[in-house]
Amino acid sequence: MDNSTAKTERRDRITAALKYACRFIPALILAVLMIIALTDVHFVLSDAGTSGAKSYDPTYLILMIVMLGLSVIVPLLGDGVAKHIAGGAAFAGFPFVCFYLLEYYSRNPFRESPVMKQDIVMLNVILFYLLAVTLLFLTTRSDVALAVTAAVPMIFGFANYLAVAFRDAPVFPWDVLSLGTAMSVLDNYRIEMTSKLWFIIFTYVFMIGFAFLTGFRFRMKKKLIWVNIVAAVVALSSFIGFMAYARSDEAESRYGYYPYLFSSKYLYKYNGTALSFVWTTKYLKLNAPKGYSTDELRALYEKYKEPKQPEQDIKPNIIVIMNEAFSDLSVLAKEGKFSTNQDYLPFIHAAERNPEMYKFFRTGSVYVSVKGGNTPNSEFEFLTGTSMAYLPTGSIPFQQYINSSQLSIVSQLKDAGYDATAMHPYPGSGWERDEVYPRLGFDGMYFYSDFKGAERVRSYVSDSGMYKKLISLYEEKRASGDTDPQFFFGVTMQNHGSYKKVSGFTPDVTVDGLDINSSSTYYELASYLSLIKRSDEALSELINYFNSIDEPTIILMFGDHQPNDYVVRPILSMNGIKDISAEDLETQQLRWQTPYIVWANYGVAGENEHFVTTTSLNYLGMMLMKTAGITLTPFQNWQLTELLPNYPVINANCYVTSDLVFHSVKDIYSGDMLSLYAKLQYNLLFDKKNTVTGLFSLKNQ
Numbered sequence: 001m002d003n004s005t006a007k008t009e010r011r012d013r014i015t016a017a018l019k020y021a022c023r024f025i026p027a028l029i030l031a032v033l034m035i036i037a038l039t040d041v042h043f044v045l046s047d048a049g050t051s052g053a054k055s056y057d058p059t060y061l062i063l064m065i066v067m068l069g070l071s072v073i074v075p076l077l078g079d080g081v082a083k084h085i086a087g088g089a090a091f092a093g094f095p096f097v098c099f100y101l102l103e104y105y106s107r108n109p110f111r112e113s114p115v116m117k118q119d120i121v122m123l124n125v126i127l128f129y130l131l132a133v134t135l136l137f138l139t140t141r142s143d144v145a146l147a148v149t150a151a152v153p154m155i156f157g158f159a160n161y162l163a164v165a166f167r168d169a170p171v172f173p174w175d176v177l178s179l180g181t182a183m184s185v186l187d188n189y190r191i192e193m194t195s196k197l198w199f200i201i202f203t204y205v206f207m208i209g210f211a212f213l214t215g216f217r218f219r220m221k222k223k224l225i226w227v228n229i230v231a232a233v234v235a236l237s238s239f240i241g242f243m244a245y246a247r248s249d250e251a252e253s254r255y256g257y258y259p260y261l262f263s264s265k266y267l268y269k270y271n272g273t274a275l276s277f278v279w280t281t282k283y284l285k286l287n288a289p290k291g292y293s294t295d296e297l298r299a300l301y302e303k304y305k306e307p308k309q310p311e312q313d314i315k316p317n318i319i320v321i322m323n324e325a326f327s328d329l330s331v332l333a334k335e336g337k338f339s340t341n342q343d344y345l346p347f348i349h350a351a352e353r354n355p356e357m358y359k360f361f362r363t364g365s366v367y368v369s370v371k372g373g374n375t376p377n378s379e380f381e382f383l384t385g386t387s388m389a390y391l392p393t394g395s396i397p398f399q400q401y402i403n404s405s406q407l408s409i410v411s412q413l414k415d416a417g418y419d420a421t422a423m424h425p426y427p428g429s430g431w432e433r434d435e436v437y438p439r440l441g442f443d444g445m446y447f448y449s450d451f452k453g454a455e456r457v458r459s460y461v462s463d464s465g466m467y468k469k470l471i472s473l474y475e476e477k478r479a480s481g482d483t484d485p486q487f488f489f490g491v492t493m494q495n496h497g498s499y500k501k502v503s504g505f506t507p508d509v510t511v512d513g514l515d516i517n518s519s520s521t522y523y524e525l526a527s528y529l530s531l532i533k534r535s536d537e538a539l540s541e542l543i544n545y546f547n548s549i550d551e552p553t554i555i556l557m558f559g560d561h562q563p564n565d566y567v568v569r570p571i572l573s574m575n576g577i578k579d580i581s582a583e584d585l586e587t588q589q590l591r592w593q594t595p596y597i598v599w600a601n602y603g604v605a606g607e608n609e610h611f612v613t614t615t616s617l618n619y620l621g622m623m624l625m626k627t628a629g630i631t632l633t634p635f636q637n638w639q640l641t642e643l644l645p646n647y648p649v650i651n652a653n654c655y656v657t658s659d660l661v662f663h664s665v666k667d668i669y670s671g672d673m674l675s676l677y678a679k680l681q682y683n684l685l686f687d688k689k690n691t692v693t694g695l696f697s698l699k700n701q
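All the letters of the sequence shown, read from the start, carry residue numbers 1 to 701 under UniProt numbering.
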């Protein structure tokens, strides 16, 4: 044997040995994970039941031991029949494991409340089995089928975890439409990668590798290829058919789904993540409310229409600022335990204490329908006068429902002779505003690229920078000879999360007793409050500019939502609230409350002043129209005289009756008036062919 032959044989032996050794890499990885798990209390203890007590949870470790055993045994089997048996066993077990891990992102579905019912578990697992079988027959490869079956819940589960962490709600089918917006702001948030998350992801990755280790082909001979085709068609049809059944009313009733979308986190836990996602696709298209009839709405129009009003003497410029994450967190201090080193709303508080400062200045609070995000839903309620209470939890009307021309206060002001301009110092593609704003009636739009050179705070255009742009546009219009009254609608960006440390910005407002250097959470709370103070200062600049001009002008500013949970947690803790979701409904709603401020440089007639101290966004636009002297539509007249006095607050979570009692939104159809509101909203937003236009517009009256 010559040297070259010996070298070749030696190289081949080494290569074969390395290939053989590589088969055991999954076992090595899993062994390391098990060691970490055994030393991490979070994986051997879990919440048991509703008592909050901790108990030993062996489920995850048992799963890992089983997989460790398989990962050692399978490489020893070679490529014969035994490997195919192992591949079949993997195919039989993977879908269930994928289901379990998807649920484990939030909790152990078999031990932690709410414990899933057997029937519900079965429906979820069937979805995964049908997915795997369908992929097997479509690709003819078990490794690809199982790898995709594992990759889908791994990615979806992680996205769902982030959604719950950042906005306190899971991923819904309609969230796919807002993926671009979500990704564009993701880098501003702090993702906490816990050891549990790493375990779940590593286990999914291990499963994908294991699938390729035990893979087999399911392919018939050429003469029988039709069997493959038929099997693929049957499998795909079964998968689609089962999803259709799973979302049906029959399945909901038979298996006892938890049906309340307003408790979305609980819904996903009770029904299972996969089943919940499939079930909520039924809400992509809304059905008419029970008893819906356009005849009833036409009768309402006849009752509330008014004779044509003479042209009003004063048409004030109207400026509306929806301020990003603007809120007064003192509302969360139920026990009064919250103070800061300085006032973070000095201008607003000074104007409240000294009413003689301005001819008209009012403040109040609104209960909004979003928290920590989903800003356009606040825009939607304000501009249309409708409520998220009647729409699926988590839906984004800007992306789902406003697909054509939509009557709103924008079109109302246009009909009254106003120019309508919208501005938002962020790309227009965010929440599809560049498409939605024209449908609402705006003439001009200004987005991120129109704010070159504007002042920035952190990475966002400041409130002051946006207001300077607004003032510049106003002055340009007047300089060009345009004398039409102006309506400006601006959505700020300055206070957008997150509130982590960045260069060039140092918090100057701190909470007494909380050292910002000792905790990143304390720092972010201080950063948030410091940004709110800058918003207060910028509002002062805007008001004082228009206070110096002769044209009558009215300015309304309100917050779209409060910041994320982690920002406010220190305040809640100081006031004895560990978990606000466990408090009574009225206390829970403190997290959905933001301030509004309305100012005018002229004396508002007493009969027109209709801002109430506590309300919700679906009324605020109507109140602004009334205060500005704009003739109300019949729909707004009904809101003002009937709905508002009886239900001063309606948002996505609750409604408040005239006796100031809070009621869950699940009872939103309980009364005739609330049901009528649902019918009016459906007619305005969805029944385009039969819209009773006269209810919502005065254009041809």
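It should be emphasised that the hints constitute simulated quantities derived from the structure, not laboratory data.
Hints are supplied without guarantee of correctness; some may be wrong.
As the list claims (entries may be wrong) - Here are the computed lysine-lysine pairs in the PhoX-like style, where the Cα-Cα straight-line distance is at most 25 Å:
1. Lys334 / Lys578
2. Lys477 / Lys501
3. Lys117 / Lys265
4. Lys265 / Lys666
The structure presented is a predicted model; accordingly, all values stated were derived computationally and were not measured.
Structure-based check of all given hints:
Distance restraint check for Lys334 and Lys578: the Cα-Cα separation of roughly 13 Å lies within the 25 Å cut-off, and the hinted pair is therefore satisfied. Distance check on the hinted pair: Lys477 and Lys501 sit about 40 Å apart at the alpha-carbon level, beyond 25 Å; violated. Of the pairs offered as hints, the one joining Lys117 and Lys265 holds, with about 17 Å between alpha carbons and a cut-off of 25 Å not exceeded. Restraint check for Lys265 and Lys666: satisfied, since their Cα atoms lie roughly 15 Å apart, inside the 25 Å limit.
Consistency note: the structure conflicts with earlier hint 2 alone.
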